[in-house]
Amino acid sequence: MSKDNAMPNPPPRLELKGITKHFPGVLANDHVSMAVQPGEIHALLGENGAGKSTLVKMIYGIMQPDAGEIRWNGKPVVVPNPKAARRLGIGMVFQHFSLFEALTVMENIALGMDARIPAREPDARIRAVMTQYGLLLDPGRIVSTLSVGERQRIEIVRALLLNPELLIMDEPTSVLTPQEVDQLFVVLRQLASEGRSILYISHKLHEIKALCDTATILRGGKLVDRCDPRVESSRSMAEKMIGGNLKDIQRGKLGNFGAEKLVVKGLSVPAEGPFGVALKDISFSVRAGEIFGIAGVAGNGQNALLLALSGEATAKSHQAISVDGAPVGHMRARARRGQGMASVPEERNGHAAVPVFSLADNAVLTARDRLGMVRSGLIDHRAARTYAGEVIEAFSVKATGPGALAESLSGGNLQKYIMGREILQKPQVLVVSQPTWGVDAGAAAAIHQALVDLAADGSAIVVISQDLDELLALCDTLAVINEGRLSRPMKVSEARIEEIGLLMGGIHGETTHAA
Amino acid sequence: MRLKLEKRREPSMAMVVVTPILAVVLTMLIGIVVFDAIGIDGQRAVVDIFLTPLLASYKWQDVAVKAAPLVLIALGLSVGNRAQIWNIGAEGQYIIGALCAAGVGLSVGSGGFLIMLAMVIAGVVGGTAWAAVPAWLRLRFNVNEILSSLMLTYVALQVLGYLVGGPWKDPNGRNFPATAPLAPDQGLPILVPGTTIHLGVLVALILPFVFWAIMARSVFGYQIRVVGAAPHAARHGGFDSRNTVWASMLIGGGMAGLAGALEFSGILHKIDLGFPSGYGFTAIIVSFLGRLHPIGCLIAGIVLAVTFVGGQLAKTTVHIPDSTAGIFQAMMLFFILASDIFVRYRVRFTSSRAKPVAGE
Amino acid sequence: MGFDVIASFMTIVGLSTPILLAGLGEMITEKSGVLNLGVEGMMLLGAIGGFAAGVLTHNPWLAVVCAAAAGAMGGLLFGVFTLSLNSNQTATGLALTIFGTGLSSLLGLSFTGMIVMPFGSVFPVALARHPILQIIFGYSPIVYFALIMVPLVAWFLRSTRAGLILRAVGENDRSAHSLGYNVILVRYSAIAFGGAMAGIAGAYFSLVITPMWAERMTAGRGWIALALVVFAGWKAGRLLVGAYLFGVLMWLELFAKAGGFGDVLPVAQIIPSQFWAAMPFIMTVVVLAIISSRDKGGDNAPACLGKPFLPTG
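Chains as they are written, first to last, in this note's numbering: chain A, 1 to 515; chain B, 1001 to 1360; chain C, 2001 to 2313.
Here are the simulated DMTMM-like cross-link-like pairs (lysine to aspartate or glutamate), alpha carbons at most 20 Å apart as the crow flies: (1) A:240 - A:30; (2) B:1059 - B:1322; (3) C:2257 - C:2004; (4) A:222 - A:66; (5) B:1315 - C:2215; (6) C:2235 - A:107; (7) A:426 - A:369; (8) A:398 - A:440; (9) A:426 - A:324; (10) A:83 - A:69; (11) C:2307 - A:101; (12) A:316 - B:1240; (13) A:240 - A:213; (14) B:1315 - B:1041; (15) C:2235 - A:101; (16) C:2307 - B:1340; (17) A:222 - A:30; (18) A:491 - A:470.
On the chain C side, residues computed to face chain B include the following (Cβ under 8 Å): (19) 2086; (20) 2284; (21) 2285.
Residues of chain A clear of chain C, computed beta-carbon distances all greater than 12 Å: (22) 35; (23) 69; (24) 210; (25) 319; (26) 332; (27) 339; (28) 380; (29) 385; (30) 393; (31) 458; (32) 489; (33) 499.
If you are wondering where the hints come from, they were derived from the structure by calculation, not from laboratory data. C-beta atoms are modelled at their ideal positions from N, C-alpha and C, and glycine is treated no differently.
Input sequences plus hints: build the corresponding full structure.
If you want it as structure tokens, here you go:
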């Protein structure tokens, strides 16, 4: 918060000059120049794919720039690897934690430190750091038994033990409850007040307004603006980030729902694998034309719920799930599709689609029965190509054609294709998880619009998402999943954000407070 | 200079076809160099192993007869390998298939089409049953099928040893551990008079096209490909991973059993301790060299058969042991596996820059 | 002839030692996330490498070192293909076994019929041949080496920083890479160690058990060593127990062939010797079934086992 004004012109802690990075077919960073001052919380703002991650990976030595210069405390440096970055005093907390599930907290922390330290010393130092910043953890616990918030604390402790002058935080709040976010901000402000710099990567505008002193905005690999987020409005920053005027979702009349299409009643599914989450007594119903949102922090049973609804995991009771009154709980994925129930899982590559297959072959994966692509055990490849072409056309998927490999598409385009593949089958019930995860703003808007249109045509839609803003904008009704249990559904128009936040934290959040 | 890999937008189809040929050529070149280094006439050895069997027409029948079991087994293994299910016990399934066929043939004694058919069916059933064990163990107890199928090969060897040395030993065989030979009218018909080319060779010529049609056009073929490429997507698409394991293991075992039965009834006509010739292991190489494609298996089977026949030839001309062919076969497998990277990636050379390193 | 407990025990030790050595090596390799199915091939390379060095130098210690080097070379070859060229580990491991079998046969051609001095006990004859004390002192140094390696490997994995990094690389290669560890280098080292241990295991056949060269003399023990690692749940202590358990099973075959059951249990004599020969392999499958179903795939199995790693991106 407090800028260091003691010296007339102190060199910036970190300065980037003309950083450029090419990938095959993409210019990820195009002559990006920026500076981070000591004691500053500096936001790096941009859509997914804007080049934020690439830029910080070069600062942290994971990648090397093709051109440009990195200056550290005024001196030009090359950062060949993360070890060198840490020696300089750069720490990083990753969006996807670089933790080792089967190892203990202590071992994980030790792996993040470069020199061998006598066995007792880090223990004392770790405890000191943890109490200083209120980041409490049991050093002997196996990481796989920890909550997401606790795991992030390991990452932060690991970074702080190196006494960094610059801490890079990559989308740190995407997996936290609102309460955990507040706690994190307290820690970050404390760090800044000690004169450490923080490079805070996010696309969440309200967080940046609440936390940061300066914001650098990237779009399509280029630096588009530098501003003070405290005086800027959220909408103006969003427009700079997206590069156009924001489009609102077009919705018809609300509240005119039809008959109950999907009814889930007392659905319980045991945990799959040692790190899975069990579903406990989940009940809700969705009517024709309704979009039902399921909020929650990652790892609280969202995956299990999607598998249970898609039929990849079956319920013990036939009646646990019914579509248009017909029980489908015992049916597998293929039979449920026959009943008009389609789904889109969170992971595009390898779950919703086969990366090494063409788009036409990927159409066969879920549309073969409903669209007659199979005759007496043989696949009609022409029908598959035709349908893939229709999806590409209808959802303006950027691809060379039905023969393009799924892995050759960008994340947003592949997601549009997958959503289109299900929506054009006109399902009675559609269940989607994280429909806009890692998708650029344009594609996200198109996907949201398609869901709204499908609901308007009388389908029932379930959206599972960790992005609360998305759910609040899109859904009619909302429930929160926590530790495999689903809360009471509430109307979005009447929901209070504090209540949702508390539900997301659940009892779980309280215990981590007290630990 | 640094080697740099760039992912291709689409796998290179040219590389899919070119790399197996390159693997064979590279193996020949390295063979020449290595043999010269250890004091053997390398050029002569490589020519004898790789070319003479193709150029000398009197060797063609040997190549055809040796290629048949390799192609058949590799066809079955390719199904499993595509689904990432690793049956490496085809040798055992081949042995059991031959033993089952022998059991039927020797106990009946009389000949005729029905008996021949019964022997072949017994072979397929035997091979399938032997492969069913690792499939069941994998699904029921989560046992790694690589280890269990291989362990069962060693068990099959002992079964063979027990039968030919005990209950099935030919009483007129001067106490050699071997079964009695089949009656002359029990063996498979010879297709080309005056040669050893039997009906099994024709089977091995036709089945690759059948497999090709099934793998490319049917839902079953699609299922195998999806399960191998993305198991979670397969589940999402409503394909059962359990019956994929069953199908690919049983097809692999059945084809190995078929090969064993045809080898027994088509050419050897009796079983002794020398019956296990390693076809089941070599077929793994055939499967990969053929890029897991049925037609590829046919071509690769012929290539490998050539090295077998050529290896025999080189034994007398340049005095190298049988096992030399094994070295060449392994080298081909190494190179073909390594060359996958050229299918999916473009290799670039970049100059590494020298700049001051931070923090040092 | 009576049942000779001491001779039987010593035979079991001899049978257990090679699978223990190869198993320890493979365990380290697998802990780094690499599945090398070429153990059998590396053992054969070690067997011929050690034997050739033994014939040429008459120095058994040097022969063992050469065996280790030959095995490690086999491992490094595997590493070049799987780590640097990113080829499929399962198929490459098989290729290594076929390659090792072929190359050892070719190289062994010039050594057929030769013998070396058996690499037996180095203790004074009074101890090494003592009717009772030989049970402690009557073994080749390789046996003691194998036994010392058990706690060493356990200590390395549990208590050293290098062991921690090795486990981390096998557990999550991407994270290890992003923390700045050289995943490829760690895996090359682990594979080389695994190869060296397999090589020494092979040398035990050609320098100790039968001090001469024979094609395929390791007779599938490399595969048993692979199964042993699964059996042991990637733990050194359980690997020791497992190796001796399998040693007993293999001893049963020798015992049966020597007609041992005739004295002890006459009924057992009607069981053909092939049954006892197949026994270790059948038991391996049975044991794998028990272990694998209980551990649900093995909680202790390294998460990245057998998966390719490309450091780009």
